[in-house]
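> What follows is each chain in one-letter form.
There are 2 protein chains.
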Amino acid sequence: MDSDKVLTLAKRRGFLWPSSEIYGGIAGFYDYGPLGSTMKRNIEDIWRRYYVLGEGFAEISSTMISPEEVFVASGHVKEFLDFLVECTKCGEVFRADHMVRDFEPNADALSAGELAAIIDRENVVCLRCKGTLSSPKPFNLMFELGIGAGLKGGRKGYLRPETAQGIFTNFGLLYRHFREKMPFGVVQIGRGFRNEISPRQGVIRLRELNMAEAELFIKSEDDSWPKYQELSGEKLTLVPNEGEMVSISLGEAVEKGIIKKQVLGYFVALTQKFLVDVGVDPEKLRFRQHLKDEMAHYAADCWDAEAKTSFGWVELVGVADRTCYDLQGHIDHSKQDLRAFERYEEATEVEKKKVIVKPEVLGPKFKKDAGKIKMALEGMNPEDLAGKDSVTVNVDGKNFEVEKDCFVLDTVKEKISGERYVPNVIEPSYGIDRIFYTVLEHAYHEEDDYVTLRLDSRIAPISVGVFPLMAKSELIDKAKPIDDKLRSKGIMTYYDESGSIGRRYARMDEVGTPFCITVDYDTLKDDGVTIRDRDTKEQARVKITEILEVLGRLLEGKVALVDLAI
Amino acid sequence: MDSDKVLTLAKRRGFLWPSSEIYGGIAGFYDYGPLGSTMKRNIEDIWRRYYVLGEGFAEISSTMISPEEVFVASGHVKEFLDFLVECTKCGEVFRADHMVRDFEPNADALSAGELAAIIDRENVVCLRCKGTLSSPKPFNLMFELGIGAGLKGGRKGYLRPETAQGIFTNFGLLYRHFREKMPFGVVQIGRGFRNEISPRQGVIRLRELNMAEAELFIKSEDDSWPKYQELSGEKLTLVPNEGEMVSISLGEAVEKGIIKKQVLGYFVALTQKFLVDVGVDPEKLRFRQHLKDEMAHYAADCWDAEAKTSFGWVELVGVADRTCYDLQGHIDHSKQDLRAFERYEEATEVEKKKVIVKPEVLGPKFKKDAGKIKMALEGMNPEDLAGKDSVTVNVDGKNFEVEKDCFVLDTVKEKISGERYVPNVIEPSYGIDRIFYTVLEHAYHEEDDYVTLRLDSRIAPISVGVFPLMAKSELIDKAKPIDDKLRSKGIMTYYDESGSIGRRYARMDEVGTPFCITVDYDTLKDDGVTIRDRDTKEQARVKITEILEVLGRLLEGKVALVDLAI
Chain A
0 MDSDKVLTLA KRRGFLWPSS EIYGGIAGFY DYGPLGSTMK RNIEDIWRRY
50 YVLGEGFAEI SSTMISPEEV FVASGHVKEF LDFLVECTKC GEVFRADHMV
100 RDFEPNADAL SAGELAAIID RENVVCLRCK GTLSSPKPFN LMFELGIGAG
150 LKGGRKGYLR PETAQGIFTN FGLLYRHFRE KMPFGVVQIG RGFRNEISPR
200 QGVIRLRELN MAEAELFIKS EDDSWPKYQE LSGEKLTLVP NEGEMVSISL
250 GEAVEKGIIK KQVLGYFVAL TQKFLVDVGV DPEKLRFRQH LKDEMAHYAA
300 DCWDAEAKTS FGWVELVGVA DRTCYDLQGH IDHSKQDLRA FERYEEATEV
350 EKKKVIVKPE VLGPKFKKDA GKIKMALEGM NPEDLAGKDS VTVNVDGKNF
400 EVEKDCFVLD TVKEKISGER YVPNVIEPSY GIDRIFYTVL EHAYHEEDDY
450 VTLRLDSRIA PISVGVFPLM AKSELIDKAK PIDDKLRSKG IMTYYDESGS
500 IGRRYARMDE VGTPFCITVD YDTLKDDGVT IRDRDTKEQA RVKITEILEV
550 LGRLLEGKVA LVDLAI
Chain B
0 MDSDKVLTLA KRRGFLWPSS EIYGGIAGFY DYGPLGSTMK RNIEDIWRRY
50 YVLGEGFAEI SSTMISPEEV FVASGHVKEF LDFLVECTKC GEVFRADHMV
100 RDFEPNADAL SAGELAAIID RENVVCLRCK GTLSSPKPFN LMFELGIGAG
150 LKGGRKGYLR PETAQGIFTN FGLLYRHFRE KMPFGVVQIG RGFRNEISPR
200 QGVIRLRELN MAEAELFIKS EDDSWPKYQE LSGEKLTLVP NEGEMVSISL
250 GEAVEKGIIK KQVLGYFVAL TQKFLVDVGV DPEKLRFRQH LKDEMAHYAA
300 DCWDAEAKTS FGWVELVGVA DRTCYDLQGH IDHSKQDLRA FERYEEATEV
350 EKKKVIVKPE VLGPKFKKDA GKIKMALEGM NPEDLAGKDS VTVNVDGKNF
400 EVEKDCFVLD TVKEKISGER YVPNVIEPSY GIDRIFYTVL EHAYHEEDDY
450 VTLRLDSRIA PISVGVFPLM AKSELIDKAK PIDDKLRSKG IMTYYDESGS
500 IGRRYARMDE VGTPFCITVD YDTLKDDGVT IRDRDTKEQA RVKITEILEV
550 LGRLLEGKVA LVDLAI
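Order-wise, the sequence lines are chains A and B. Each residue of the first sequence is one higher than the one before, counting from 0 in numbering that gives the first Met the number 0. Each residue of the second sequence is one higher than the one before, counting from 0 in numbering that gives the first Met the number 0.
Pulled out of the complex, with its shape left as it was, chain A reads as follows:
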């Protein structure tokens, strides 16, 4: 398979267009044309069926711009960096790790010093003019901007590099939305922005991405998952970060400790189901565990869904264990309580040591200071007072020496109804653009120069072509109302009356339209039309009055056209 062929078709037929092409284009930016935009939305809608309707996750839509504080707390200001090198002669810019990957397979884990050493040692030079390269400098991959105006130049903000932070900052509101019941999940579908240093891989490395992310909040120690059994039989191809590649069921993988947590494994298997459902070839799909030094700054474990394409193995989805990293970061920076509360089945009593002050001794000794000293003593850790003859108490900047006859240490019983904890996060994060491209490439079939996109009927941007056999008014008068009827029912059609019927079929096959309806001269007699299947080229005769019902079943894949043939 050749990516040029796919991208040429994608451009010619309105799937993907290089953005701002009339101004020479700009690396890392693609527009979705009429067919692409519809197909992308179809993929997102199926994703929504999995996560929102299927798993019961809530969907939110947060802003793409957030103030600096959010990304300081999330660690992105400090950690979301790549190293760049510049040619000292021509000024061309490169990612430092890409320049040394022939010498170091895991180059993106290297420090600036390590990168510099390899560049120096291997005499790596500018790819364009062979000039000397500068030393590697860190470059933050977020787009920075100023919000508002004024003497102070506005407030600093960033375009989000992932949709996830909009979920984390709203954790408190979401927790209340779920009426404080754990676990719960929240999704977001939308753009993310990454100011890649010099993206050279077309549609695979974008600066403006379409993402679909799910954040599942769970109790920290709890690795189980109620729906786990439903998918434990799912067969997976796994590439663990230690040991060999294996083909194995989810259940076995968890049992053998290859995948550490049931819950992480469940979403790995769910990801596979989704990807295959929208059209990724299961024979070209694997899950690779990140190497320890490859992980994002927030992740403790991560499995990538990778698809084999003409660009090599491409990461489509990351299923990460983000631990409580993000929520803890936002707690620390915002000083808000972003914890969940777990009520015990029944309240328990715990024994607790306590400082009990004797006012009848303390009062006479310290007079007007006694009240404050009492409060200070009661606030101290009883363990620190145990066994001491006296203790120094600081009140309003003044030290008082308090002897042990002023207090006793006692054990009291306290009732505890539950505990607060910072939830852990499991995150399946989907790169919609890469999934989109992979689905196109895996659907691309060519035989004797005849191209068919074998897209699933729920993904195809056009569901039905509607044609009068010839551009004659008696046929058009029958075909047009069929087209109108289908569109009014929300079915995307393409009406076409120009050129030979063969050429019209070919135009539809090339963009993956699963079915075509043709009105011919028999229609005028029997009120029947021909429905044609894209892949088998089979045809069936259906009454006009039954088209909607038949198409409904065909488009859902519930029946094959061949079973309708008379």
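A portion of the hints provided could be inaccurate.
A pair counts as met if it fits within one copy or between any two copies, since identical chains are not told apart.
[As the list claims (entries may be wrong)] In silico DSSO-like pairs for lysine-lysine, Cα to Cα no more than 30 angstroms straight-line:
| no. | residue 1 | residue 2 |
| --- | --- | --- |
| 1 | Lys357 | Lys477 |
| 2 | Lys259 | Lys155 |
| 3 | Lys291 | Lys136 |
| 4 | Lys488 | Lys234 |
| 5 | Lys477 | Lys557 |
| 6 | Lys77 | Lys155 |
The hints are simulated quantities; they were obtained by calculation from the structure and are not laboratory data.
Starting from the known structure of chain A, arrange chain B on it as the hints suggest.
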């Protein structure tokens, strides 16, 4: 009606949340919570039914970041400005026109000098500390950012202030997508960004907006519209920029010249149909024509759909005649041919004057320069040569005096099969956030402290509440499968088993859920459930096996629950 009540409900129940609230929030940014995000998407889906399925417009999805060139060509770099004034004492920033609107109703059309004069004359001071204000300075409302890295600091880009430019820059590709047939329309739904100086109107003036825009490309001189008759009877409330407010049909408004073009009028009427369809109160809706000096830099005419809300009359939609302003701008700056071609019914012959050089005279006179002089002469406008005794021809920086015996002016016939033209654009541009808020406010009903959101069933974020009468396993075992079944069919449900049934109904009424299904003890005998209507509180008994079919008709509004009651 009180916006505080609506916004309090919207926040409490997860419709709208101030963005980044844990960091103190940031003016002009709102997040859509779980219910809001779903309701917003429902509104967008209905919009899509109008424009994509109904009008046959294509949908695209272009990038939000574009390089500077795009917005130089569109005029936004030069024209998309507001004037700001700063307090010289406390540094607070204000929009200059907002500071003088008590003295000048049409303040946003004033120049910096005029604004300064009024501030001076009326002694306008800082709203916060009464300090002296600076002189007004222009402030561009686009968010600027740097794309990529490097010695040169990357390439300058902007976040789009409207989605429209992504359509205009792709005009050539779109024109080919429509197989060069005019007219055609293209839509885009997505974010736009406007760096408002100091937005103080909450959800009404946002810095990050959700927009739905349609760009209709038509022949410049053609004001007619094929579907015009379908809506010419639609009654409109119009506030023209000259004369009185009138309530009048579209047909009459166009006849009387109040709305200048059929095609503009059609989209005004379509806008009204859409707004009323999603829930804007038709009694609180009017169309106001922009004043001549109020128009955006690209518009020749514009009618705003305005809704009456607790914020006053709020612009929801602008239906603008953008002329060929944008395409011409992109032609001039990109040097690309963004014109349409109109083929004549039959090719016509036109007579054309032409310069015919006589080589037998020219040759001997100018020798080696004769060839170049001939080309220059032939490129000249024949009109400029008529009646002259000689003409000066400049070749390679050298002037030659050519006498009239060297050429003749002749009339030749030329075949012309059609003509190229720069299309005009009619743009209905919808502010989704404001429509969303208005729909919420107009749906808000309160009686004796009981709140019901009377949302249309196609807009409501939750379609059906599913309840077991009590949290008993025999009822739960009947209710859960109903919930699962509905969700698997794409119907958004809310399953709830906690608290009294009355409280559960109230929770659903408050968020506009049109129907609730209750499983009770009779269900165990008769396999029937109760369906309850939000607004009438009527109940009907329906068999479990018939729920899907009945709900389908109820949710589409095809049947009222009262007609189902036994």
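> Take the hints in turn and mark each one as holding or not.
Okay, the hints, checked on the actual structure:
no., hint, in the structure
1, Lys357 x Lys477, "neither (99 angstroms within a copy, 63 angstroms between copies)"
2, Lys259 x Lys155, "neither (40 angstroms within a copy, 46 angstroms between copies)"
3, Lys291 x Lys136, "within (23 angstroms within a copy, 53 angstroms between copies)"
4, Lys488 x Lys234, "between (38 angstroms within a copy, 27 angstroms between copies)"
5, Lys477 x Lys557, "both (27 angstroms within a copy, 27 angstroms between copies)"
6, Lys77 x Lys155, "both (15 angstroms within a copy, 24 angstroms between copies)"
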